[in-house]
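Asks: So the chains spell out like this:
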Amino acid sequence: MALPFATNMRFKFSSLALSLQVILIILFAIFVSYDTPHHEDSHGNSTHQEDEFIKLYPLFQDVHVMIFIGFGFLMTFLKRYGFSSVGINLLIAALGLQWGTLMQGLWHLHDGQINIDIKKMINADFSTATVLISFGAVLGKTSAVQMLIMAIFEIAIFACNEHLVVTLGAFDVGASMIIHAFGAYFGLAAARVLYRPALKNGHENEGSVYHSDLFAMIGTVFLWMFWPSFNSAIAEAGIDQQRAIINTYFSLAACVLTAYAFSSLVEHKGKLDMVHIQNATLAGGVAVGTCADMNIHPYGAMTIGFIAGIISTLGFKFVTPFLASKLKIQDTCGVHNLHGLPGLLGGLAGIVAAMLGAKEGASAGIQAAALAATIGVALVGGAITGFILKLPFWGQPPDQNCYDDSLYWEVPLDEEEQPNHYQEDQSKMKVDA
Amino acid sequence: MALPFATNMRFKFSSLALSLQVILIILFAIFVSYDTPHHEDSHGNSTHQEDEFIKLYPLFQDVHVMIFIGFGFLMTFLKRYGFSSVGINLLIAALGLQWGTLMQGLWHLHDGQINIDIKKMINADFSTATVLISFGAVLGKTSAVQMLIMAIFEIAIFACNEHLVVTLGAFDVGASMIIHAFGAYFGLAAARVLYRPALKNGHENEGSVYHSDLFAMIGTVFLWMFWPSFNSAIAEAGIDQQRAIINTYFSLAACVLTAYAFSSLVEHKGKLDMVHIQNATLAGGVAVGTCADMNIHPYGAMTIGFIAGIISTLGFKFVTPFLASKLKIQDTCGVHNLHGLPGLLGGLAGIVAAMLGAKEGASAGIQAAALAATIGVALVGGAITGFILKLPFWGQPPDQNCYDDSLYWEVPLDEEEQPNHYQEDQSKMKVDA
Amino acid sequence: MALPFATNMRFKFSSLALSLQVILIILFAIFVSYDTPHHEDSHGNSTHQEDEFIKLYPLFQDVHVMIFIGFGFLMTFLKRYGFSSVGINLLIAALGLQWGTLMQGLWHLHDGQINIDIKKMINADFSTATVLISFGAVLGKTSAVQMLIMAIFEIAIFACNEHLVVTLGAFDVGASMIIHAFGAYFGLAAARVLYRPALKNGHENEGSVYHSDLFAMIGTVFLWMFWPSFNSAIAEAGIDQQRAIINTYFSLAACVLTAYAFSSLVEHKGKLDMVHIQNATLAGGVAVGTCADMNIHPYGAMTIGFIAGIISTLGFKFVTPFLASKLKIQDTCGVHNLHGLPGLLGGLAGIVAAMLGAKEGASAGIQAAALAATIGVALVGGAITGFILKLPFWGQPPDQNCYDDSLYWEVPLDEEEQPNHYQEDQSKMKVDA
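Chains as they are written, first to last, in my numbering: chain A, 7 to 439; chain B, 7 to 439; chain C, 7 to 439.
Identical copies look the same in the list; a pair holds intra-copy or inter-copy alike.
No farther apart than 30 Å at their CA atoms in a straight line, the calculated lysine-lysine pairs in the DSSO-like style are these:
1) K396 with K275
2) K275 with K18
3) K206 with K277
4) K396 with K206
5) K332 with K396
6) K18 with K277
7) K323 with K275
8) K323 with K334
9) K334 with K396
10) K323 with K18
11) K125 with K61
12) K396 with K277
13) K332 with K275
14) K334 with K206
15) K61 with K365
16) K323 with K206
17) K126 with K365
18) K332 with K206
19) K323 with K277
20) K125 with K365
21) K277 with K332
It is worth saying that the hints were derived from the structure and are not from the lab.
Put together the whole structure using the sequences plus the hints.
Replies: Here is the structure:
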């Protein structure tokens, strides 16, 4: 079988990863310090800065779980691509949190330094989420080298767009726009550039098995549970933060009911579809993000979740096939339905909430401008990154090896696949005399 | 194969779920508000209310994990029923936390409003636990429609019984009685009404496979780890809450040793049985619940856990078969052994602790009355609910399709089951030209 | 097939487990109390002691997850040994946390009592980690009885060594030396004594299958995420604790990049190896432990993680086969590479940090003495324990049954293995008329 591209990653991947890490250490040596409290309490009591760190640390850890377990396992639904899903997710996020610290911090230097506190760590984790969302759009069709490159570009562009949105004066506490819509449309633009005509009728590996769907549910449920932390982690302490938690809690609950109802409604014989359950149940968390800390009342949050569950499920059923067949966008995980459409809904909800005066200082026009700018930056940035990723020397998989771990990983043969049971096991031994 | 009931859920399920969600949003619009702090600190410092919210938020999230990961994955032990276990668990709990907010809150209105704070969210999660426990008793033998109906009835009845117990003046900080015993006996009464004679010799799907038992251990271990949070989340801040954490921590540890010892003692050749390990190791958390915040000393907590591990394991070995063959109660998950018997033990321990003066204000007589009332309400409520669920139009599965996801879910065929590998994969493609 | 040892555990195991638990309850009755706050605030406000408990409780729970989910699932990579990995892990840790409370507390009695507070609970969990690490070295080759015995000995010796290190005046906040290096070298010494010549060419069960590797990744990722809590949980509140969190966060991120790079570099065709990804990505958490709370700057932490990822991956590739073939040490999980070498690196980093003045009061000589003492105590203690475990009546598995759950567990036959589908299922029924 002739491979169109060289997929042996030994030197390309390892030299890129090591170079990036060395550069990051040098940049950290120059730019990054601990955040030292400036105003120490004369009685030796904990200061505000210390209190904030330890108070927000549990929310940081919830976000951390969403990034590494949530996103990682959500993508393990593919039958032969679980190692890459959870493994490359870890790789991208580990790179991304270091790079995101720098890219976001460079806009806020103090005496030339980025002072690490708990909010910077939360934001660093947030910045990786954009790449992990885009990863979902191109899942199974890219190499680890390509994903490292995408992480570098996407996080840099994300940090610029975030700064733009903040400068405009828009609100987006739970990042419906600047993370979810951004990550989705960035990834979809890249996927459009990386379109593979040979996969237009699907691929035998592009499906789940029973237990891979259960692994994916680990990701789904952790994302679902901790989304209130995601939407409130950088909210202002006190009533704003509490509202963000409460609104997200109820939006997600309402979203589950509509996602299940519409999954049954659109499927054969009224059966539930795991793809919807794994993804559309989370749309309420995305969609309530922008106005999570606003005074939208719990029933307002539930209404947003209600709508999000519907559009996300309908998106999987009708929009994803349309994107694939008409727009040549092959969206492996359906990130358009989990992050794209609900992110747009979140942006629109923010505009409406601003109109209704749910947040002091919020302007509908500015919210709309932030949404438009974000989509524009994402599409252009994603397309440019897509063209870079399309260069033929990044070890991308040939069509027939898409969605297959064994191209890039040592994969154990399962029992039933082993031509010779004992022979195979010998080759897997760690200890070999 | 003729099906005795129509199991196509398309319109029944989706219309019920959507109607419930619309009604909930309307009720929330009328009755539910944020809890706004009344006494703001003049210096802009965080008030007591704000402090409590963020201090208890990590405990809330632990309880949240127990509800959605713990209960959900614990029930994935069945070989062909993992989608329903974790999926319907999510559905019931998402409905239940909204409904529980209303049912519990209606007993404590302020100016006609339920003001959401962190304890209301914890209690909302708690209220769902009752249904999830009952779900375990009827697992594999009910439809999603039936479970939505059970959730509505059970949570309403639970909230009344809880109010009764509080009004009596009984203590039950970790809810051995009002959640665990209540949920178990409610579910067992319903299971008795829903008895299926055709399953009296078991069913070929009613068993585990190797990896389904490992998925279930995810649920077990998360429940085990976070039980100290469950038993302490609504305890009085300070020494009471700390005692609840410490007592639960040591009770669970002691329970593990006895559960393992008795599993080995009663099994063939002294082998361990996964059913015991998955369930009986948790009985110490249930049984120490009522007196978790009392001054029972760590060794007292360990003694409770010690006994709980024994009765739970023996329950699985001897009581469950007896219930099935003599009382016609088919308890799929053995909730009687994990929640019923240990819940009773918890209630009894509370009576003894009250006698010994371990809690100021506690009365043995009132504790006993609360226990008796709870069991009575649960049995009557469960039986009535069972008769409602028995009506022949809720889409319950025919006997031969029990414990089988494929009746209600789109289930991927696993590789080895595929009659034609490529053909099957074509049908699973998301993208179809 | 003649078994060299009696492996029926019914009476040996259950009587040992029950006796230990009864003894523990008696010792707790004599020695263990709640920590009652001595200085109550006259205004009824929460005291320092109460604040510390609830502030550190989330970090305790993170450590708890590492012990029970992290270590437990990390070891499920073996295809037929998942029940034992997660199940015996739970058993050992449940015993160990009770025993560790006593062994550590006996060095710090107040009025003859051990007063349980949150730091004692964190330390109790820590003490179990040593045994769980050693368990990894002998995984698949020991019985539950042997592991209970190892837990009793190892935790007692650990507590003595920890006291010695504290008395010397050495620093080891994240326990690179006293937990990780100690647990690894203790386990390796025991594994040396328990050497099995018949396994020198490996064993057919000593390998993974696709989904067992995914289960193991649950353990890996939870360990990775919560390691900042492990390294900071008992640090001094304030800037020290924050530094421990920040340093561990960045060390782990850097370590991921080098572990991936070197895995690809040393493997066939540049493929990634799951063994490296599951383990070497964590080496940065181990290695930064000793100096986690020191002023080593974020780039210093990243440098430590960078090196740790490299030595750990190279250890798996080159050192483990060497140990097996030349030193007759069969290290099932490769704990030498995850805990041993990175633990040594952590100890060395602590010496260098002390030299550079990164911690007030730290002395390079004392750090070196602590490291040397720890390794010495671990090797001697492990060897002695190994000889005790080698006594021929602890039910150790015969060579041909190593790495196989079915010797000690009721294991369900998977579908494809069932000679007669219906017959097998009958035997798995819980309900049998």
